[in-house]
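Colleague: Protein chains in written order, with this note's numbering: chain A, 1291 to 1865; chain B, 3 to 440.
Hints listed in this document are in silico derivations from the structure and should not be mistaken for laboratory results. Heads up, a few of these hints could be off.
Quick list of in silico lysine-lysine cross-link-like pairs, BS3-like style, CA-CA up to 30 Å [stated by the list, open to error]:
1) A/K1631 - B/K268
2) B/K431 - A/K1811
3) B/K181 - A/K1450
4) A/K1833 - B/K5
5) B/K431 - A/K1833
6) B/K5 - A/K1382
7) B/K88 - A/K1374
8) A/K1378 - B/K440
9) B/K440 - A/K1374
10) B/K249 - A/K1836
11) B/K411 - B/K431
12) B/K411 - A/K1836
13) B/K89 - A/K1374
14) B/K187 - A/K1631
15) A/K1811 - B/K411
16) A/K1378 - B/K112
17) B/K431 - A/K1378
18) B/K268 - A/K1382
19) B/K249 - A/K1378
20) B/K187 - A/K1833
21) A/K1836 - B/K5
22) A/K1833 - B/K181
23) B/K440 - A/K1382
24) A/K1836 - B/K187
Some chain A residues judged to face chain B by a derived CB distance under 10 Å, without partners named [said to hold, decoys possible]:
25) P1358
26) G1380
27) R1383
28) L1416
29) W1484
30) G1485
31) Y1499
32) G1535
33) T1538
34) G1644
35) V1840
Every residue gets a Cβ at the ideal spot worked out from N, C-alpha and C, and that includes glycine.
One letter stands for each residue in the lines below.
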Amino acid sequence: MKMSEYLIKNGFVFDPVLGIKGDKADVAVKDGKIVDASDLSSKAKKIDAAGKTVMAAGVDIHAHVAGPKVNVGRNYRPEDKLFKATPKSGIKRMEGGFSVPTTFRTGYNYARMGYGFVMEAAMPPLYARHVHEEIRDTPIIDEGALPVFGNNWFVLEYLKNGEVENTAAYIAWLLRMTRGFGIKNVNPGGTEAWGWGLNCPTVNDPVPYFDITPAQIIRGLIEANEFLGLPHCMHVHGNSLGEPGNYTVTLDTLKQAEGLSPKGSFGRDQVLHHTHLQFHSYGGDSYASKSFESKSKEIMDYVNSVDNITFDMGCVTLDETTTMTADGPFEHHLTELNHLKWANVDVELETAAGVVPYIYSPKTFIAGAQWAIGLELALFAKDMTKVFVTTDHPNAGPFIRYPRVIKWLMSRKARDDVLDNVLKYGDKVRERCFIGEIDRELSLYEIAMMTRAGPAKALGLAHMFGSLKPGLDGDVVVYPFNPETDDDPEKIEQAFSNCSFLLKSGQLVIDNGEIISSGAKRTLWVDAKVDENPQVMRDVEQKFLKYYSVNLGNYEVTGHHFVPNPYVLEVDATQ
Amino acid sequence: MSKVIPDVICPFCGTLCDDIEVEVSDDGKTIIDVYNACAIGAEKFMHAQAKDRVTRPRMQQPDGSYKEVSYDEAVEYTAQMLVNAKKPLMYGWSSTSCEAQGVGHDIAEKVGAIVDNTATVCHGSTLIAVQDVGIPSCTLGEIKNRADRIIFWGCNPTHAHPRHQSRYSIYPRGFFTNKGHKNRKMIVVDPRNTDTAKMADIHYQIEQGRDFELLSAFRVALRNEVLPDFVAGIPKEKIYEGAELMKSGRFGVIFFGMGVTQSLSKNHNIDNAIMLTKDLNEFTKFSIMAMRGHYNVTGSGQVLGWQFGFPFCVDLTRGFARYNPGETSSNDLLRRGEVDAIFVLGSDPGAHFPISSVRKLAELPSVAVDPHITPTTEVSKLHVPVAFVGVEVGGNCYRMDNVPIDARKVVDPPEGVLTDEEFLTRVNKRVSELMEVK
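Okay, chain A solo, but in the shape it has when bound (with noise of 0.2 Å):
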């Protein structure tokens, strides 16, 4: 690949990692890399940032971009892609959808916002071909998958015996036939009670025949990971998500990390991260104003007081929207609530996953205190590395609406404009919830922190992403937002929402607010090597032989149509 120099000369640039926080500074790249400007020849070409924001390309953490289930969203819901429709035009396909966009619009929207890095938050091990399909489909970003194991019966068997070492083998395997990046957890225990129509809602629960908790589930799995030292943590979507009263099945999920250390070299503090912390976070009984309450205090109080823990916010946008979950369960529950198409999945041996579409109502209490407690979450943190901004997309609201959320962390004006104007019981969310007592507006050097250095630090890539230090990716935005004179909050959503220029891996991919290439998109996933295991090649072999409906002969994904531009992380993990 041909590879050009650029040098983005006089931007407000703020980077948490090395410490600069708006000052005016250049920024060079050269050969995919960011570098120091005086290793730029004279052929650079030169970008003008003067009076505008520059940041390392955006990471994601959790979203739902890839694979059966949004899938299911886009091919059930015809109403989702009305008025939604962008032409064909350069070198762009066509765009359709909103709450779930088409492959071409995801990475698209993606870049105008910002982003060079998005982690799919949930790959069903038995559909990771169709995952890889559509990342392979999603232009310009880069793309890792997290398949699911809190309910797969290999790690169900063998963290009943408490067999860590055998549970690290498997999972090593698991991501190496998956091309898969990390450990997800989803409603342990209960997806599988799922396969009865039952569910886990505690961490003490004993999932049906297999007898185990979701508590010995989620440590178990942290103990895996930790044996083999892979880039990411255990990342945790626990149990009774979305219930009301549930936060103190999340503090029981969050203790499970008592006690444990990351082990490895790639550089994170945490041995747990909870995605969607705010559907996690709720007080009361019922979701009537007069029972339900905001429990993010109670929530942030432990979270502050723990050095390895990291979450996401999963925060309410208040639009009408595609959930989509491996928590089976949970969206049937959904389903019976608000009586809209439900969609299911459940796959064999190993996950389940449903789908129902939601309208997050302004009209609304219950929408207006989820909005609430999702920003609460992130306002209430003390250290900003360990809160990262999504959406948990699509399911609270889609990804497009990150600049929305980042304007609301950052404007107290804005926030009370909702509050005021747009929701109908704002004075009972008030009430009920801690947002309206909160002054706290969040800097842009936080908003780097929450939305770059943390979330690549928590993901073991921050030898990639999330910095603009000589050596890293380069990644790099320029955001056409003066922080000296930009004091409209409005303002901080436009800007967020359209680049004027992004770098991705060095190259120009947005020119003046214009796609203009498509990238040269890698998919990440992580080579674990353990140990020879004959035990947990056999159970394989085993299951495969009678229980699964493929032959392991096609378990594994290869070939080049589906990753063909792997990047791939290998960890050592042999004793």
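Since the structure of chain A is already known, use the hints to place chain B on it.
Modeller: Just chain B now, kept in the frame of chain A:
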């Protein structure tokens, strides 16, 4: 010495068996035998060996005879036809790989075509019903491991999906079903006494076209509400009995086919069948699954879905993706005379479309890409023979439960024969050149 290739995927039906073993000659050129496959699947492999296969494109002459042309000429004709047409239809896509579909969609986007697959005359009504009410489903392995109530509604897998019952639904001994078929109760709903129906614990020999009524009756019976003495020709006692049988299972599944999707009430039948399934989830665990026909019709819906957002009937003629079955569906377009060129790949509309549509195929500029000589190739202006996907070239395919399995190549195609993907890639390149000139 011959060698046996294991784990081969059968490119015939949506069951997508992946345990086929193919014995090939030492030089890897000839298939000697096929193991584990059903009769139809085995024939699909053996047919690739036919000595009278067409191996070069053929252009139909005014007198009805054929003239052999080169692939270059075939690419040129196809590209010109698509670029010059105002509203071309690109139909089929169900018997090919997802990679070929992807290239086809790229072409369709450039020339502004309508992309439609065989669901349009098959499970399209199912796809519409799913858009109405969703679908609770599962993988086939879940059925093997858990299901103890199996319902076949308007389908006859014994003949159409011959290994379905032995691999997934009736006979296999799964994790929680270690007695195999003795663990399972089987219900068949079919107006005919099919070979599947003959195996059933209960066969509802329903009056033809009365599926909607019977589905509604089951939903009534689940709630122990009052039924008339007969519904769809079935006495009410039998309906209450069936409802009890469904409710008393631990994990049930409804498989359904053309008998409900293309008979009276069409998608409304499926709406109701899905709602019956949803209702059953209030009592126990229940799933529902379409018995998809072609081995990769499911994949066509998937690729269209992630690229354009709709599973079939995708109209790209206005520069963006539209979807409106009835307007943008192949037969409606053909019969109204709205398309001016037809490209067919991986399907045989000549055999399955109404004669009024097939006539248009014969009248208009048309290209059929197919390894076989079919009724479609016989009425098309240009027939482009290609390699058999799943026999002579690999590629990704989706099983009826949407599980993707990568088909394998077992032998080389005949000398010089292109694959679907290769042919489409060349057409795509030529289309781009022609569009630039335009």
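Colleague: For this structure, which hints from the list above don't hold up?
Modeller: Result: hints 5, 6, 18, 19, 26, 32, 33 break, sorted rising.
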